[in-house]
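Protein chains in written order, with this note's numbering: chain A, 1 to 298; chain B, 299 to 579.
Hints in this document: simulated from the structure, not taken from any laboratory. Possibly wrong hints are sitting among the right ones.
[Stated by the list, open to error] Cross-link-like lysine-lysine pairs, in silico, DSS-like; alpha carbons within 27 angstroms at most:
id : chain 1 : residue 1 : chain 2 : residue 2
1  : B       : K366      : B       : K414
2  : B       : K414      : A       : K73
3  : B       : K521      : B       : K543
4  : A       : K255      : A       : K2
5  : A       : K293      : A       : K2
6  : A       : K255      : B       : K543
[Claimed, not checked] According to the in silico footprint, chain B covers these stretches of chain A (three or more CB under 8 angstroms from chain B):
id : region
7  : 50 to 58
8  : 64 to 74
9  : 149 to 156
10 : 165 to 177
11 : 215 to 222
Using N, Cα and C, we set each Cβ at its ideal position, and we do this for glycine too.
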Amino acid sequence: MKQVVVLSGKGGTGKTSFLASFAALAGECVLADCDVDASNLAILAGGLEGEEEPFFGEGVARVDPELCSRCGKCEEACRFHAVAIPRAPGGEPAGPARVVEIACEGCGLCGIVCPEGAITMEDRRSGTLVVAESRHGPIVHARLLPGEGNSGKLVTMVREKAKGIAAGKGLDLVLVDGSPGIGCPVISSLADVDGAFLVAEPSVSALHDLERIHQLLERFQVRACLVLNKFDLQPGVGERILAFCREAGIFPAGKVAFDPLFLEALQEGRSIVEFAPGSRPAQAVEEAWRGGKEFLKI
Amino acid sequence: MAFTLAVASGKGGTGKTFVSVNLALAASTPVLLQDCDVEEPNDHLFLRPEWEGERRVSLPVPEFDMDKCTLCGACRDACRFHAIAILGDKPLLFPELCHSCGVCLAVCPTGAITEKPRAFGTISKGRRGKVRFVQGKLDVGEARSSPLVEAVRAEVEPGLPVIADCPPGTSCPVVAAVTGVDFVLLVTEPTPFGLHDLDLAVRMVREMGLGAGVVLNKSDLGKGEVEAFCEREGLPILARIPFRKDVARVVSSGGIALEEIPELGRVFGDLWERALREGGR
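Chain A extracted, bound-state conformation (with noise of 0.2 angstroms):
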């Protein structure tokens, strides 16, 4: 079984889009979509609606207000500032200790250091994973709660459904869809792939990004080929990212120019190749996940 991860550092780019053509073109495969904090591949690839799971992050302190003799031990160990003694405007204590529960991070310390045993540590809901039908095959995508953390625990439980999912009905290829930057959900989405699709706008921004992702696709030793999106809005700016391909060692899978045609799509919840086979921009997508197959040996 062969993992491909589609990743840019700078969002936008395109990731989504060309991820849903090539899993249009790569016959049945597994669509994991790893960008948690805004997962969209089921709006363009279908499967929005499935079997839905909880997913439980970190846990959070809870405090027992029977039991909390309000030292403010808890409040002084806490390095997250996530659990307080309210005082009343003379400092004294006002009321058993509060858990801010956004900024407690689940380290347990507070409990550790309670005299009374007043605080335990609780699940907490974070999210769901849900695992629905593409019109490409089996997809699995998650929704982390609004400003929840730990997105890099939620990408491996995606990235492991979508792995058992391959395995139990013999599909070889799994595609991976991450988020933009180079943060935890990003690590977590590329750990032992089998190669990587950079998708690069002719901007400064991307060019800048590009060598970031590129960095850390080195230090996890990442095969990687990019395409180039919208590349004759800026040509200059386009063949600057190319030359630094060919320095960094990225097989340059192919160009893409703008075209209306991408928006029309999206707003139909279509990829470009279901959209308008056998239009320019669709070929050009096409040819860019042949190359990039090959170099990768997908």
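Please build the complex by placing chain B on the supplied structure of chain A, with the hints as guidance.
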């Protein structure tokens, strides 16, 4: 406290950087621009500030005194982030996973653990004209960006209003960036992706009890779904910026849109005034 405005989005690539930089330059008073997208900080590419200095940012991580460590594994068992393993005859720290919470110190029965600072990012400062600038840049390979976002947000100057350019998404780094702000501008585009992610961003902002308004970028491309959503949610649309190839060209080559396309100066000047009013100033 001076007025603090966050520029956020949910979806990436909707134009947060474009809005933040141009807004900072169009504001009627000097402002501090904070680039809180520490994984991919881009404001500097456009602002091209005169740099005034930088410093490394660290967090404490455990250090093991092997004369005292008995390899009992209490630290490993207590660490909820799986940042410590016992391998053979020594404890092994995975520093990228460490949350610097201090649990390992608290549970070590022999006092073998102390802390040492470990750098994971850089904060740089600069200025361009009346715009003061600060950015965070996470080291490549580091997983946790929120503490660096917090460090950038803490860099304020007395009396100077702040524009905080946030990372994409709705999870912990964004929460770190919008904590304590007076108002949030949500930059979106009228596509199904933009709408879907705007919905998530609005829920995050509401959960945090913050007021928000929308900047509709590429406003002429849609079919009115985003406007209908804003109407239903009672979200004011504070600016509409139509898609223009000349703007796209300026932005993609690292130029300042309002310097090259003067009518944008008024758009962003008005946006700043409206954001101040909406934020209660």
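Hints, verified against the model:
1. Straight-line distance between C-alpha atoms of K366 (chain B) and K414 (chain B) comes to about 17 angstroms, which keeps the hinted pair within the 27 angstroms bound.
2. A hinted pair counts as satisfied when its Cα atoms are at most 27 angstroms apart, and K414 (chain B) with K73 (chain A) qualifies at roughly 23 angstroms.
3. Of the pairs offered as hints, the one joining K521 (chain B) and K543 (chain B) holds, with about 20 angstroms between alpha carbons and a cut-off of 27 angstroms not exceeded.
4. A distance of roughly 24 angstroms separates the Cα atoms of K255 (chain A) and K2 (chain A); the hinted pair therefore holds under the 27 angstroms criterion.
5. A C-alpha spacing of about 11 angstroms is found between K293 (chain A) and K2 (chain A), which places the hinted pair at or below 27 angstroms, so the restraint holds.
6. Under the criterion of a C-alpha separation no larger than 27 angstroms, the hint pairing K255 (chain A) with K543 (chain B) is consistent with the structure, at around 19 angstroms.
7. For the region 50 to 58 of chain A, the proposed coverage by chain B is not satisfied: 1 residues have a C-beta within less than 8 angstroms of a C-beta in that chain, short of the threshold of three.
8. Evaluation of the coverage hint for the region 64 to 74 of chain A: breached, as 0 residues show C-beta separations to chain B shorter than 8 angstroms, against a requirement of three.
9. For the region 149 to 156 of chain A, the assignment as covered by chain B holds, since 4 residues bring a beta-carbon within under 8 angstroms of that chain's beta-carbons and 3 suffice.
10. Judged by the Cβ-Cβ criterion of 8 angstroms, the region 165 to 177 of chain A is not covered by chain B as claimed, because only 0 of its residues qualify and three are needed.
11. For the region 215 to 222 of chain A, the proposed coverage by chain B is satisfied: 3 residues have a C-beta within less than 8 angstroms of a C-beta in that chain, meeting the threshold of three.
Hint violations for this structure: numbers 7, 8, 10, all remaining hints satisfied.
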